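Colleague: Spelled out from the first residue to the last, the chains are:
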Amino acid sequence: MLVITCPVCGVEGEEADFHCGGEGHIARPATENPDGISDDAQRDYMFMRKNPKGVHFERWRCDRGCGKWFHACRDTVSMQIFGYYGITQRPPAALLKKADPLWQAHFEAAKKPSAKKAKS
Amino acid sequence: MSEALIITPLYDREAPGGLAIIMTEVVDLGMIDLRGLPKDKKFMDAAKAALGIALPTAPRTSAGMGDIVCLWMSPDQWLITCPRKAVGGLLAKLNASLEGIFSLAVDMSDARTIIRLEGDRVRETLMKGSSIDFTQSGYEAGTVRRMLFGEIAAMVHVVSEKPDVFHLMVFRSYAHHAWDWIEATAMKGSEVEFLSSAEAPPVV
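Each protein sequence line maps, in turn, to chains A and B.
When you read off a place in the first sequence, starting at 1, and then add 70, the result is the number in the working numbering.
When you read off a place in the second sequence, starting at 1, and then add 89, the result is the number in the working numbering.
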């Protein structure tokens, strides 16, 4: 059982008081380009996940507290939670350093809009 | 024309004898759901002008004056309780005051039901249904806490202490479940006694 602290309202609760929203930082392709989404882009958005062994960035909701979403950085092996940050924020550098190279590549790619466009 | 009757969800329930706490349904409280941005000074001022009290911004707190009590639900959501008869007037006042401001005020009196729990065993009874330790500091009079209670979403408001009076708010459709749960767990003889000052038995 995880013990989680909501960074929004500060409440500490067990896992059942929260709701896991799955992997964070997934951009919805239709937001940027509603008319021309490729099947590949839509497939990646719907189904493809990083699923790393180790430090992971997830979305969580303070279900029985304030009802707000936030991001948590959790180790998928040891279940240790390293930190929290806002739902609109990117992971702090210190947390990103710990994370799997998959994640570092993810944010590197997001930094360069031209590279992202070429991909899709 | 016949007059409309307000039928509360638990109108046909009465607490059985042999309970360690006093349990009643609160039928005369109306509720208004108020949403707006706490960073918006215009909104906070307008709400204060209509309600007469500043909205509490600290998590899990409440503010009250006279009949009106504002309960913190979320950084941008408050539940305002007032006598049921006064809901219409207060809502009109709020809506007039908040006109043009990004906000929402709705009469939610029938969305939830309020169960009033009174007595020294209330904290213990609530602890049987939730993961919260109500004996810790932080659950003084005025505290508001949303929680998972008896597998359902609930909210508790510590109305007063010594004797403890708690308001347990659950959605209307869960009213019977919550009532049954408390009936079963608040029976005399089901005390767990861990709140007493007696020393813990030695571990063998």
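No lab work stands behind these hints, which were simulated from the structure alone.
The structure displayed is predicted, hence computed values, not measured ones.
One should not assume that every hint holds.
[Unchecked claim] Okay, derived cross-link-like pairs now, SDA-like style, lysine to any residue, Cα gap no bigger than 20 Å in a straight line:
#1 A:K181 to A:Q150
#2 A:K138 to B:L187
#3 B:K128 to A:E85
#4 A:K138 to B:K128
#5 A:K138 to B:V248
#6 A:K138 to B:I241
#7 B:K128 to A:T158
#8 B:K217 to A:M71
#9 B:K217 to A:C79
#10 B:K217 to A:E85
#11 A:K138 to B:P127
#12 A:K138 to A:K181
#13 B:K128 to A:C79
#14 B:K217 to A:P162
#15 A:K138 to B:P145
#16 A:K181 to B:R124
#17 B:K217 to A:A86
#18 A:K138 to B:R124
#19 A:K138 to B:P164
#20 A:K138 to B:K217
#21 A:K123 to B:R124
[What the hints assert, rightly or not] Over the 10 Å line for every Cβ pair with chain B, so calculated as not near, a few chain A residues:
#22 G83
#23 E84
#24 D87
#25 N103
#26 T146
#27 A163
#28 L172
#29 A175
Every residue gets a Cβ at the ideal spot worked out from N, C-alpha and C, and that includes glycine.
Colleague: With reference to the structure, classify each hint as holding or not holding.
Modeller: How the hints compare with the structure:
1. A:K181 to A:Q150: violated, 28 Å
2. A:K138 to B:L187: violated, 24 Å
3. B:K128 to A:E85: violated, 30 Å
4. A:K138 to B:K128: With a Cα-Cα distance of about 16 Å, the restraint between K138 of chain A and K128 of chain B holds, given a limit of 20 Å.
5. A:K138 to B:V248: With a Cα-Cα distance of about 25 Å, the restraint between K138 of chain A and V248 of chain B is violated, given a limit of 20 Å.
6. A:K138 to B:I241: Roughly 18 Å between the alpha carbons, so the hint for K138 of chain A and I241 of chain B holds.
7. B:K128 to A:T158: Answer holds: K128 of chain B to T158 of chain A is near 17 Å, not above 20 Å.
8. B:K217 to A:M71: holds, 18 Å
9. B:K217 to A:C79: Status violated; Cα separation ~24 Å.
10. B:K217 to A:E85: Cα-Cα ~17 Å, so holds.
11. A:K138 to B:P127: Roughly 15 Å between the alpha carbons, so the hint for K138 of chain A and P127 of chain B holds.
12. A:K138 to A:K181: It is violated: about 27 Å lies between the C-alpha atoms, which goes past 20 Å.
13. B:K128 to A:C79: holds, 15 Å
14. B:K217 to A:P162: Judged against 20 Å, a Cα distance of about 39 Å means the pair is violated.
15. A:K138 to B:P145: Holds, at roughly 18 Å.
16. A:K181 to B:R124: This hinted pair is violated, its Cα atoms lying about 35 Å apart.
17. B:K217 to A:A86: holds, 15 Å
18. A:K138 to B:R124: holds, 14 Å
19. A:K138 to B:P164: holds, 9 Å
20. A:K138 to B:K217: It is violated: about 26 Å lies between the C-alpha atoms, which goes past 20 Å.
21. A:K123 to B:R124: With a Cα-Cα distance of about 41 Å, the restraint between K123 of chain A and R124 of chain B is violated, given a limit of 20 Å.
22. G83: violated, 6 Å
23. E84: violated, 5 Å
24. D87: With a cut-off of 10 Å, D87 of chain A comes too close to chain B, as the shortest Cβ separation is near 6 Å.
25. N103: Given a closest Cβ separation of 29 Å, the condition holds.
26. T146: At about 24 Å from chain B, T146 of chain A clears the 10 Å cut-off, so the statement holds.
27. A163: Given that every Cβ of chain B is farther than 10 Å from that of A163 of chain A, nearest at about 26 Å, it holds.
28. L172: The claim stands: L172 of chain A keeps its Cβ more than 10 Å from every Cβ of chain B (closest is about 33 Å).
29. A175: Correct as stated: the minimum Cβ-Cβ distance to chain B is 34 Å, above 10 Å.
Consistency with the previously given hints fails for numbers 1, 2, 3, 5, 9, 12, 14, 16, 20, 21, 22, 23 and 24, ordered from lowest to highest.
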